Amino acid sequence: DTEVTQTPKHLVMGMTNKKSLKCEQHMGHRAMYWYKQKAKKPPELMFVYSYEKLSINESVPSRFSPECPNSSLLNLHLHALQPEDSALYLCASSPRQVTDTQYFGPGTRLTVL
Amino acid sequence: GDSVTQMEGPVTLSEEAFLTINCTYTATGYPSLFWYVQYPGEGLQLLLKATKADDKGSNKGFEATYRKETTSFHLEKGSVQVSDSAVYFCALISGGGNKLTFGTGTQLKVEL
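Taken in sequence, the protein lines are chains A and B. Every letter in the first sequence is one number past the one before it in the working numbering, and letter 50, counting from 1, is 762. Every letter in the second sequence is one number past the one before it in the working numbering, and letter 64, counting from 1, is 65.
In short, the hints are calculated from the structure, not lab data. Just to be clear, a hint being listed does not mean it is correct.
What the hints assert, rightly or not - Ranges between beta-carbon positions, derived for each pair: (1) 27(B) to 766(A): 23 to 31 Å; (2) 84(B) to 813(A): 19 to 27 Å; (3) 54(B) to 768(A): 21 to 29 Å; (4) 57(B) to 792(A): 45 to 53 Å; (5) 4(B) to 768(A): 16 to 24 Å; (6) 59(B) to 728(A): 47 to 55 Å.
These numbers come from a predicted model, not from an experiment. Virtual Cβ for every residue (Gly too), placed ideally from N, Cα, C.
Isolated chain A (complex conformation):
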């Protein structure tokens, strides 16, 4: 089983809203990732958690706040987003470290009005 799940599938929010994206995996993976993907572009890495600790933050604005409550769950808290933040947000996981094969979830399509 190489399944990563993400909820919600679609999200529409205003610029003053606070919302959260959720990602879950039950493969026993210890590295989890958030990516942002704009249309017709490859995914861009945002954050990496390794063994529940934030190990990489790719200079992402503070309106995006990641959280890793346990080894199976990854959240992305959103606050005061801008319309240009509209994108597909992908979660991924890998067995132990960044150099392992990454498995992606189906993504959350975010629209900021």
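Starting from the known structure of chain A, fit chain B onto it as the hints suggest.
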């Protein structure tokens, strides 16, 4: 730094045609190489991978061989189907790297 170069798309083929999508890379050391596929409206799915020189990754009729001498990892399929229409991303991670490096993606359209 690490980089991946893919052929420009879109690539349009008739059903049952032979597919090649070129991918070349620049990386330090001996990277692991991947092909991911993204169907419309979906996330990325791992299609195949190779972790050392001369390895051949294969899945669902697709194949790619890790060629260290030409720094290439071209994707091939002998007979494409309409259901193969998607965007294909070549990617790598080098041994000392801290993130997956993607190519720009190649859109494949297969017509009846």
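Cross-check of the supplied hints:
1. 27(B) to 766(A): 23 to 31 Å: Holds - the Cβ-Cβ distance for residue 27(B) and residue 766(A), about 29 Å, lies within 23 to 31 Å.
2. 84(B) to 813(A): 19 to 27 Å: Since residue 84(B) and residue 813(A) have Cβ atoms about 24 Å apart, the given range 19 to 27 Å holds.
3. 54(B) to 768(A): 21 to 29 Å: 28 Å, holds
4. 57(B) to 792(A): 45 to 53 Å: Since the Cβ atoms of residue 57(B) and residue 792(A) sit about 49 Å apart, the hinted range of 45 to 53 Å holds.
5. 4(B) to 768(A): 16 to 24 Å: Given a distance of about 19 Å, which is inside 16 to 24 Å, the answer is holds.
6. 59(B) to 728(A): 47 to 55 Å: With Cβ atoms ~50 Å apart, the hint holds.
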